[in-house]
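Peer 1: Quick note, the sequences are listed as chains A and B, same order. Going by my numbering, the first sequence opens with residue 1, and the numbers climb by one from there. Going by my numbering, the second sequence opens with residue 1001, and the numbers climb by one from there.
Since the hints were derived computationally from the structure, they do not count as laboratory data. Quantities reported herein were computed from a predicted structural model and do not represent experimental measurements. Take the hints with a grain of salt, since some may be wrong.
[Stated by the list, open to error] As a list, the in silico DSSO-like pairs of lysine-lysine whose alpha-carbon atoms are at most 30 Å apart:
1) B:K1018 - B:K1053
2) B:K1067 - B:K1042
3) B:K1067 - A:K209
4) B:K1068 - A:K256
5) A:K179 - B:K1067
6) B:K1053 - A:K256
7) A:K253 - A:K231
[To be verified] Residues of chain B clear of chain A, computed beta-carbon distances all greater than 10 Å:
8) D1014
9) E1026
10) V1030
11) Q1038
12) A1039
13) K1041
14) D1072
15) I1073
16) T1084
17) E1120
18) E1123
[As the list claims (entries may be wrong)] Counterexamples of contact, computed for chain B against chain A with all Cβ distances above 12 Å:
19) M1001
20) L1029
21) K1035
22) L1037
23) Y1061
24) A1096
25) S1113
26) V1115
Built from N, CA and C at the ideal position, the CB exists for glycine as well.
Here is what each chain is made of, one letter per residue.
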Amino acid sequence: MSGERARILVVDDEKVIRDSCTRILTTEGHIIKSAENGNIGLEVFREFHPDLVLVDLKMPGKSGMDVLEEIESIDPNVVQIVITGYATVSSAVDAMKRGAYDFIPKPFTPEEILLIVGRGLEKRRLLLESEALKVEHERIRRNMISLVSHELRAPLAATVQYLEVILGGMAGEIPSEAKEMIVRCDIRLQEMLELLRKWLNLATFDSPKMAEHFQDISLSDIATESIELMKSLAEEKKISLILETSKDLPPIKGSKVSLEEIFNNLISNAIKYNKAGGWVKVILYGREEEVWVEISDNGSGIDEEHLSRIFDEFYRVDGRRNAPIKGSGLGLSIVKKMVDAHGGMIDVESKFGEGTTFRIGFPKFFQRQKEG
Amino acid sequence: MKILVVDDERIVLDSCQKVLEADGFEVYLVPGVNKALQAMKKEGFGLLLVDIKMPEHDGMYLMREVKKKWPDIPIIVMSGYPTTNTIEEAVKMQAAAFIAKPFTPDELLEIISQVIQKEEDHETKQSPSD
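Isolated chain A, as found in the complex (with noise of 0.2 Å):
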């Protein structure tokens, strides 16, 4: 934007200021408009469409503070230059925090205002090329879901399902040794579809629209369906599981879809990362205002230097490609989003080769604060 011709807007209630402003400015091949009050700035500006405006915050009718913010509101990318005549500290600081960029004391000479408007379009330039960027990256971000999801998941999932079908004998018999090759491909896919799953969950969880089907929860129903689902896990690798819950343990408000992957989450981890005869310990406790989930175990534990990453996508404590438990790396980031998502924190606590605990504060009387 700046050395480029720019579309400048200047109101103010002094002609002489606003006809220096224009003579300057074209000067510089620069297009400008100028209104002498606040009504008919805005009026311009909604037409103009300027890069950059120039306001007096003096002005008789409507203010330049109104001036500033109701620009602020149409289109916040528009970069705002005050114009005061009385330059004290706080009249610009005040400006500043409604929206404008800088400001510029009158009088002032022609390099004074050239140098505060060609920063001001240089701020302009990069707002603009942010904000194209921030499109492209949604763009590319939809095209992914979209590709991941119709592309990949689904064919995938069509196919387990024909497998699953050929596996129930619904297609006739199969020889035993056929039968054990299609498990494993079966098996195999299901972890596939299980790291897309996991993948489109976190790419496309819109927390405020979430939000609006939360309702009342208890977690000591969600912790004991979750504990009753990883049972045959659990048996599987001789794990104990433990429920501890406090009585009169009150509700929270949430979504159960994103509780239950919380849990389910935290405890499969809590068993894949143990060892035969190890147990995993749930308990659950009020206090004050917050409901509290401790989710711990005495598995293997994670190496302190990883600790700092672990709710960070992708990122796998044991990132070999041929590693012994298998995992895709966005468990935790899905956990981290969806405590964040319920107004909650999370924290870990580990010990190389003794164990780890997770600790999540769930406030009972969550809000979710408006955007924007």
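Given the structure of chain A, go ahead and fit chain B onto it with the hints provided.
Peer 2: Frame of chain A, contents of chain B only:
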């Protein structure tokens, strides 16, 4: 019982047919929402199995239409896109149950029997006051 299965994926229709017919259900298959609505005008179905993501009209549209004209028919939503938001959406649309694709024959039969059982319990509860 007559079950209508609505899905644009041939493999899913085929699999549902094999599983449900083996269990004694009468199965009707349609590849989209418009065909589903036509079929519903002709036949009385006891249950609908509906995919969400379909070209032209999606499963949510079909659910709204069905709830308007045949509010008592339970609908099981199938989705290959089982994200938290999709599930919440299906619950809001009063789906009787939700099943994530792919499912095993046992999972499908289990969820259908749960829904049928729930419907029967609901009817028994209502009948004494009739």
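Peer 1: For the pair supplied as a hint, B:K1068 and A:K256, confirm whether the alpha-carbon distance does not exceed 30 Å.
Peer 2: Between B:K1068 and A:K256 the Cα gap is close to 27 Å, so the pair holds against 30 Å.
Peer 1: Would you say B:E1120 is clear of chain A, with no C-beta pair closer than or equal to 10 Å?
Peer 2: Per Cβ check, B:E1120 is outside 10 Å of chain A; nearest 24 Å; holds.
Peer 1: Would you say B:K1035 is clear of chain A, with no C-beta pair closer than or equal to 12 Å?
Peer 2: The assertion about B:K1035 holds, with a minimum of 19 Å to chain A.
Peer 1: Could you grab the alpha-carbon distance between B:K1053 and A:K256 and see if it respects the 30 Å cut-off?
Peer 2: holds, 23 Å
Peer 1: Decide if the proposed pair is consistent with the structure: B:K1018 and B:K1053, CA atoms, cutoff 30 Å inclusive.
Peer 2: Answer holds: B:K1018 to B:K1053 is near 22 Å, not above 30 Å.
Peer 1: Quick check for students: does the CB of B:D1014 sit more than 10 Å from each CB in chain A?
Peer 2: B:D1014 is in fact no farther than 10 Å from some Cβ atom of chain A, at 8 Å.
Peer 1: Any Cβ of chain A at or closer than 10 Å to B:E1123, or is the non-interface label fine?
Peer 2: holds, 27 Å
Peer 1: If I take the minimum Cβ distance from B:M1001 to any residue of chain A, is it greater than 12 Å?
Peer 2: holds, 19 Å
Peer 1: B:V1030 clear of chain A by more than 10 Å, beta carbon to beta carbon?
Peer 2: It holds; B:V1030 is separated from chain A by about 17 Å at its closest Cβ, greater than 10 Å.
Peer 1: Are all C-beta atoms of chain A more than 12 Å from that of B:V1115?
Peer 2: holds, 19 Å
Peer 1: May I ask you to check that B:S1113 keeps its beta-carbon over 12 Å from the closest beta-carbon of chain A?
Peer 2: Non-interface label on B:S1113 holds, nearest chain A Cβ at 16 Å vs cutoff 12 Å.
Peer 1: When you look at the beta carbon of B:Q1038, is every beta carbon of chain A farther off than 10 Å?
Peer 2: holds, 25 Å
Going down the numbered hints, you'll see the structure goes against 5, 8, 16, while the others check out.
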